[in-house]
Amino acid sequence: SAVISQKPSRDICQRGTSLTIQCQVDSQVTMMFWYRQQPGQSLTLIATANQGSEATYESGFVIDKFPISRPNLTFSTLTVSNMSPEDSSIYLCSVDPGHTEAFFGQGTRLTVV
Amino acid sequence: GENVEQHPSTLSVQEGDSAVIKCTYSDSASNYFPWYKQELGKRPQLIIDIRSNVGEKKDQRIAVTLNKTAKHFSLHITETQPEDSAVYFCAASMSGTASKLTFGTGTRLQVTL
Numbered sequence: 001s002a003v004i005s006q007k008p009s010r011d012i013c014q015r016g017t018s019l020t021i022q023c024q025v026d027s028q029v030t031m032m033f034w035y036r037q038q039p040g041q042s043l044t045l046i047a048t049a050n051q052g053s054e055a056t057y058e059s060g061f062v063i064d065k066f067p068i069s070r071p072n073l074t075f076s077t078l079t080v081s082n083m084s085p086e087d088s089s090i091y092l093c094s095v096d097p098g099h100t101e102a103f104f105g106q107g108t109r110l111t112v113v
Numbered sequence: 001g002e003n004v005e006q007h008p009s010t011l012s013v014q015e016g017d018s019a020v021i022k023c024t025y026s027d028s029a030s031n032y033f034p035w036y037k038q039e040l041g042k043r044p045q046l047i048i049d050i051r052s053n054v055g056e057k058k059d060q061r062i063a064v065t066l067n068k069t070a071k072h073f074s075l076h077i078t079e080t081q082p083e084d085s086a087v088y089f090c091a092a093s094m095s096g097t098a099s100k101l102t103f104g105t106g107t108r109l110q111v112t113l
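Going line by line, the protein sequences match chains A and B.
Quick note: the first sequence, position 46, residue 46 per the numbering used here, numbers continuous.
Quick note: the second sequence, position 104, residue 104 per the numbering used here, numbers continuous.
It cannot be assumed that every hint is accurate.
Straight-line C-alpha distance at most 27 Å; calculated DSS-like pairs for lysine-lysine [to be verified]:
1. A:K7 <-> B:K37
2. B:K71 <-> B:K58
3. B:K37 <-> B:K57
4. B:K42 <-> A:K7
5. B:K68 <-> B:K22
6. B:K37 <-> B:K68
It is worth saying that the hints were derived from the structure and are not from the lab.
Here the structure is a predicted model, which means the values were calculated and not measured.
Work out the full structure, taking the sequences as your base and the hints as a guide.
In structure tokens form, the structure reads like this:
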């Protein structure tokens, strides 16, 4: 199993600003995943963060908008840059430590005004 | 890429009845199919999963069936209880693990007394 701590749990931000979300795992993992869950919607994978290399982004997501850091095997950050109201969502990090089950952080509820 | 469709979007059943949620996937290379339960304001949690070399899996009141030929899989909950009320998401992965999941659109299950 894995215990994931995500910070902040929620934030209200002005449009045009950036927010960095932190994800800390209680064990070393090769890959960390970042998902977006728009209000009342499903989860969509943004990118996969690997330690020691650049993140891999899914179609529709770009590094300039969602830069990711992965400085070690237990930590990652996702930045939502130059925010607009359309970025209002819940952002979740996830790990799959034993390749048997995905564990999720509690999510960061972002509101852009 | 993979596309996962999920039906119904909402489902209301009486306590003690059964509930069935169905998903179809588009890519025959998908080989891992988990189901997640998300209570309001909480993180998604795995309730059951199945891999492509298995046709059915059961865990107490919950079962999942997989038809690889038709590319669909279903969640069955028997003897539903009020605490089963939540949003349920199916997902698919081509990696055989919980890495890089493509989620369905979700089903809001309401169990009434």
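Going down the list of hints, with the structure as the test:
The hinted pair formed by K7 (chain A) and K37 (chain B) meets the criterion: a straight-line CA distance of about 22 Å does not exceed 27 Å. With a C-alpha separation of about 19 Å, the suggested pairing of K71 (chain B) with K58 (chain B) holds against the 27 Å cut-off. For the hint pairing K37 (chain B) with K57 (chain B), the CA-to-CA distance comes to about 17 Å; that is within 27 Å, so the pair holds. A distance of roughly 15 Å separates the Cα atoms of K42 (chain B) and K7 (chain A); the hinted pair therefore holds under the 27 Å criterion.
Distance check on the hinted pair: K68 (chain B) and K22 (chain B) sit about 14 Å apart at the alpha-carbon level, within 27 Å; holds. Taking the CA atoms of K37 (chain B) and K68 (chain B), the gap is about 23 Å. The hint holds against a cut of 27 Å.
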